[in-house]
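Use these hints to put chains Y and P onto chain C, whose structure you have.
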Amino acid sequence: MYPASSVIVFTVLSGLGFGFLAFLGAGLVTPSGWTAFFLWGLGYALAVGGLLASTFHLGNPQRAWRAMSQWRTSWLSREGVMAIATLLVLAPVALSDWLGLGWSRLPGMVGAVMALVTVLTTSMIYAQLKAVPRWNHWVTPAMFLCFALAGGAILALPRWPALGVVVVMGLALVLSWLIGDRRFAEVGQTMGKATGLDRIGTPSVFDPAHTAGNYLLHEMIHIVGRKHVARLRILALIFAVLLPVLALALLPGAVLPRAVAATAYLIGAFAARWLFFAQAEHVVGLYYGKR
Amino acid sequence: MNVQPALSQPIGDEIRQTTCYMCACRCGINVHVRSGKVRYIEGNRDHPVNKGVLCAKGASGIMQITAPSRLRAPLKRVGPRGSGAFEEISWEEAMQIAVSWLKPLRETAPEKMAFFTGRDQSQSLTGWWAQAYGTPNHAAHGGFCSVNMAAGGIYTMGGAFWEFGQPDWERTKLFVLFGVAEDHDSNPIKIGIGKLKERGARVVGVNPVRSGYNAVADDWFGITPGTDGLLILSLVHCLLEAGKIDLSYLAQFTNAPFLVIADGPDKGLLMQDEDGRHLVIDRRSGRPAPWDGEGVQPDLGAQWQGNQTVFRHLAQRYLSPEYTPEAVADRCGIAAPRIRALAAEMAHAAFDEPVEIARPWTDFRGIRHETMPGRAVSFHAMRGISAHSNGFQTARALHLLQIVLGTVETPGGYRLKPPYPKPVEAHPLPHCKVTPGKPLDGPHLGYVRGPEHLALHEDGSPVRIDKAFTWENPLSAHGLMHMLIPNAHAGDPYRIDTLFLYMANMAWNSSMNTAKVLEMLTDKGPDGEYVIPRIIYADAYASEMVAYADLILPDTTYVERHDCISLLDRPISEPDAAADSIRWPVIEPDRDVRGFQSVLLDLGARLGLPGMVNDDGSAKYRDYADYIVNHQRRPGVGPLIGFRGADGTQEGRGDPNPDQLQRYIANGGFYQAHIPDEAAFYKPWNRAYQDWAVATSIFDKPSPYVFTLWSEPLRRFQAAAEGIGPHQPPEHLRAQLRQVMDPLPIWYAPYGEADAAGYPVHALTQRPMDMYHSWGSQNAWLRQIRGMNYLYLPTRIWEEQGFREGDFAAVASPNGEIVVPVAHMAALNPQTVWTWNAIGKRKAAWALDDGAPEATVGFLLNHLISERRAGQDGDNGRLSNSDPVTGQAAWFDQRVRITRVGPRDRSEPAFPPVTRVVPEGTIRPGSPS
Amino acid sequence: MTCLPARTDKKLGLAIDLDTCVGCNACVTACKGWNDQGYGVPLSDQDPYGAHPSGTFLNRVHSYQVVPEQGAAQVVSFPRSCLHCDNAPCVTVCPTGASYKRSEDGIVLVDEDICIGCGLCAWACPYGAREMDQAAGVMKKCTLCVDRIYNEALPEEDREPACVRTCPTGARHFGDFADPDSKVSQLAARRGGYDLMPDMGTRPTNKYLPPRPKDRMDAAPLAPLLDIKTTGFAGWLDRMLEKF
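Protein chains in written order, with this note's numbering: chain C, 140 to 430; chain Y, 59 to 987; chain P, 7 to 250.
I should point out that these hints are in silico values taken from the structure, not numbers from a laboratory.
None of these values were measured; they are calculated from a predicted model.
For glycine and all other residues, C-beta sits at the position ideal for the given N, C-alpha and C.
Heads up, a few of these hints could be off.
[Said to hold, decoys possible] Take a look, some chain P residues computed to stay more than 12 Å from chain Y by CB distance:
no. : residue
1   : Asp15
2   : Ala184
3   : Asp244
[What the hints assert, rightly or not] Capping the alpha-carbon separation at 30 Å, the derived lysine-lysine pairs in DSBU-like fashion look like this:
no. : chain 1 : residue 1 : chain 2 : residue 2
4   : C       : Lys332    : P       : Lys16
5   : P       : Lys249    : Y       : Lys253
6   : Y       : Lys109    : P       : Lys189
7   : C       : Lys332    : P       : Lys189
8   : P       : Lys235    : Y       : Lys325
9   : C       : Lys332    : C       : Lys269
10  : P       : Lys16     : Y       : Lys253
Only chain C is shown next, with the shape it has when bound in the complex (with noise of 0.2 Å):
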């Protein structure tokens, strides 16, 4: 799939936002005033941000509030409305602890929940897709809410305790990669099954149906080197993993290890996702040989 910048920016941005606004809503957090106003502010930035970045990748952005009337069926739809309230919902208790309002602080732990679940919604657009194995698993889900639960940790909590989410979000990384591998052979899903030409013998394509582009060819079949996937991976791991859990566990102070940490695991957080699209084959790819 190819991998577009502003849904990878919205995943990752959208991801951390809700983390951290969960950590917040939950009270493990508890800040007051200005920093209350700030830490808040960066939640709701950060989530704010992402479903702002995510209608660049609209063909018609002005129509995005549309997006909410289909919750019954489509995630995305349950996505949108999933953010929406819990953005409603979790703002009397950022507004209480801004200006010290004293409010139940119960609308924070169930917008903690719906946090969480608007992760969980934003993985199913991908995880729900069985034209792409590779998202096609509950291990997609499982890495989205560990990237948002580990940038949120990452934020919020002190640091051992946030190192070892992030190390357990490394681990999820490298098992949705073991298992992604594996997917489009699991899967099963051939150009003999694609044209139903297996019956005959093995097919290939002969003369391409098109030597000119279309959307298929730039949206789903996007050819990435194994080298540079490699290399990427490496990558990812250091900064989403290795840095934040140095930067954790050696710098001093309250503040610098969680801004080294945040920084490298969003660098991490943006390769790890550049690889979720671009190393994800659509089955579409089978009627042109190409995946």
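Coordinates of chains Y and P only, in the frame set by chain C:
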């Protein structure tokens, strides 16, 4: 709930029915017009050619009509030729320039003006114009296209494949399609194959390449190129050996029972009586009798005073062991048992499953037949069998095969379309007598019957610039357009002054040896003048050729013009009806362009050509439309057969009708004259058909004839080569003529085989079904389907050299080398490579970007193909790369050597861009962006 | 509405005969031409005369070569367009309700006025049936020429999809698969019409009719009239003509 879309929108304000021009099929189209703009084009369901369907080209005609490559105004060259530097001029100036060049030539040396047309669909006008001008140098593109298909058919059965006939799709049970390049007659063949598939009839393909129709064939014979004739004669061998031939048919309807003279000055000709009527032995009397005598029953096995029947000659020849499947298998690349199986299938379909229509008819001998029996096996052939130096005889061999099976013009077999069947004798002879200031003595092109009809001067030198109708290629019924520029450049046989071309991309894909031709077009003599001094070119689009002309006459597109698809030319008939059609301007041009035919008539009037001016010297025809309605070739016979006579009720013959075009338009743009049921089959021999053909103006008198298994015209040339007769060939051609002018079909290896040692692979091209020559690339939709081409390599070569996806190969021939992208094709003869034709483009032509894949990666095979025959030596080295009988360009004789060069991103050779005569296309018309 | 209808009254679709399709691309441009001026926005092209052309088409014809275990390699032309699935994943993923399946005839359509151009439906389709129009930013797909088949401004015989009307070989058949007696149902039953990627669970309406078995010519060689070597030509001629 979703809002229901509006589902009953009309497409446009109006449907205008005209004729497609996206290839030579000439299908009927419904052009939906809204506010003067074309909205949608679909097939006309009532039309005889396409019956509603339309191909990829026709259905995207709207992109052709609006292509940015359309020329916009007359152009005059202002820079060096080939630089593409032009200035726009007025039509008046353009016409004055043309007259100033052409008028003095006509008065002094009309032969110095050569007028050749390419994908011309108005040949009855252009030929008539050239005749009136008086130059002997005129032809259309048939010589480089497929004159072998036409001449091989006409010299054998008075009709040919392609649009001149078709299998009896409703009744045939076995359909055998020969030859690569499945382009001609494409919609009718597709419709026909669909009918066969619907009925579950069998389709067999004999073709080195299994694409297109061969891909749906039930059985595929991946023959080695150039050996079709050998395979066919081996099939004839098998059928003869088993006695599976139609004796009754051969005796009644072919010259098989004619007696061949055994000795003397007429040796090899057929016995005649004093009235010149060919003789057969009548079985009733055992005595000679005229072949067409009342009630005569010809005896196939007769001998008379030592003279044997044609049947005896042919049986003896093809029963020879040299034609056994085992003897030909290796050369054909087909195992002997498969050849035998194919022969058995044919015999089975023909003789075990006969079809019969209960319909009485009377033959030309007056014998009444109660039924129409037929043979349910039919054949068709594509250019592949004919674009070889043995193509004429191969085409003849195929007709021999269908004739011995008794399938031609019988139910279930191959059916000809009016004006065919039409024997050689009913065709004109070629004419070439030049008188300055006067018309030529007759039509240029025709069918010679013997050496006396060649277009030669007293000294034996060729009259025509293309050397058509000479000993080098005596039966060149369509001329040799591919030799026009090389001969004019070489001054062989003489130099010309003005080259006048219409719709022929001679500076690119329509020439052999393209790079060399470009040099010839721009070459200057010692005097600093161009060797070919003047070139006038008429076309609708900015093709590669435009840059090489001095004066450009911009044509309209096909929806902006009048045209007639005439029975005087290549008609659109059906086996059950004669048909013709028109084009008319369904939209107005938005540029300063004019239909070429109207321009030609205007030019003719300005030159004072007979037939084009009134007595007072004024123009006789306002425009082409006026000509279509009012021109009479013979009294009462004009370009169109429908709605003739003052009241429009006459068919075939009748006075001009001023409302004729309106009547055609009201009738969907075409007219059909239906053949009576009793005349529908056995047409050459069917009295009812002959009478109908006379009434419909196809013949002036009934012209029954028998099929020509033994060809006297060929024999006359062969006899001359043997030293018989007053007209003698030059010594260097004697041996060739003795061999190739055999009166019975033969096979010989294509020329160049002997020199093919270093070039072991056959190289072919074929036109994709979605492109017409070079036109498709200017079409925004079609070029997305096929914007570049690969050279397809068979598995053997692919694996031997370790080719991989993305690789290029160097392809070498004795004429040069190209470097091109390759792809693997498993369903391909192992000795053969091929590519799609005319996808490669010159940079900046056709209003495409310089970086267009057509110009960077797309390629032509033409650079490898010499216009001269390979392996010649001495001063005879100027023989053309053509069939020695007809002059058909031998494109498919090409041999090459393939070498892997690994991945590249550009093909070679790369030519510099031509200067643009129209701006580069950016946004496609009608596009929302 | 992106809920799929529990059942549809009709199941309109195509039976595509791979034994007959010669790969001429007529259906491709007829479709492009019709839908460039018909339902919804035109089908735009980008860089149409340039180095990197691309554009929106609703129907594409692929060409495959197939090497059987025995016998010669084959070439199969393979048209590909929307299959109007019963269990259409492209419909349920749509967040706006633009993508829907009609309960009356099963046609899957996009309401372009609601489509936000997110592309998720195209991702969900295993068959590549949907192409986003790059000029309009809305999803385009085969409508089964819904604006032809019910179009009262067209003559009745023309109320079929443009690709079917133009197909020169008649390899494309349009009809109602819910009716077991319809031509398409009968064809599919008789010729073994099959689904593409059946284990995707999409339950396509369109059926592909497989190529018939090829290269099975097994006629026994013809028996010679007699042994010409011993009888000579005269013997052959006598035997040949005695029947005549």
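Going down the list of hints, with the structure as the test:
Consistency note on aspartate 15/P: stated as away from chain Y, and its beta-carbon is indeed over 12 Å from all of that chain's, at 15 Å minimum. Listed as a non-interface residue, alanine 184/P keeps its Cβ farther than 12 Å from every Cβ of chain Y; the least gap is roughly 20 Å. Consistency note on aspartate 244/P: stated as away from chain Y, yet its beta-carbon is not over 12 Å from all of that chain's, at 8 Å minimum. Under the criterion of a C-alpha separation no larger than 30 Å, the hint pairing lysine 332/C with lysine 16/P is consistent with the structure, at around 27 Å.
For the given pair, lysine 249/P sits about 36 Å from lysine 253/Y by alpha-carbon distance, which is inconsistent with the 30 Å threshold. Between lysine 109/Y and lysine 189/P the CA atoms are separated by roughly 21 Å; this keeps the pair inside 30 Å, and the hint holds. Using a Cα cut-off of 30 Å, the hinted pair lysine 332/C and lysine 189/P holds, with the two alpha carbons roughly 26 Å apart. With a C-alpha separation of about 29 Å, the suggested pair lysine 235/P and lysine 325/Y falls inside the 30 Å cut-off, and the hint holds.
The hinted pair formed by lysine 332/C and lysine 269/C meets the criterion: a straight-line CA distance of about 15 Å does not exceed 30 Å. Proximity of lysine 16/P to lysine 253/Y is assessed by CA-CA distance (about 28 Å); at most 30 Å being required, the pair is judged to hold.
In the structure shown, a violation is registered for the earlier hints numbered 3 and 5, in ascending order.
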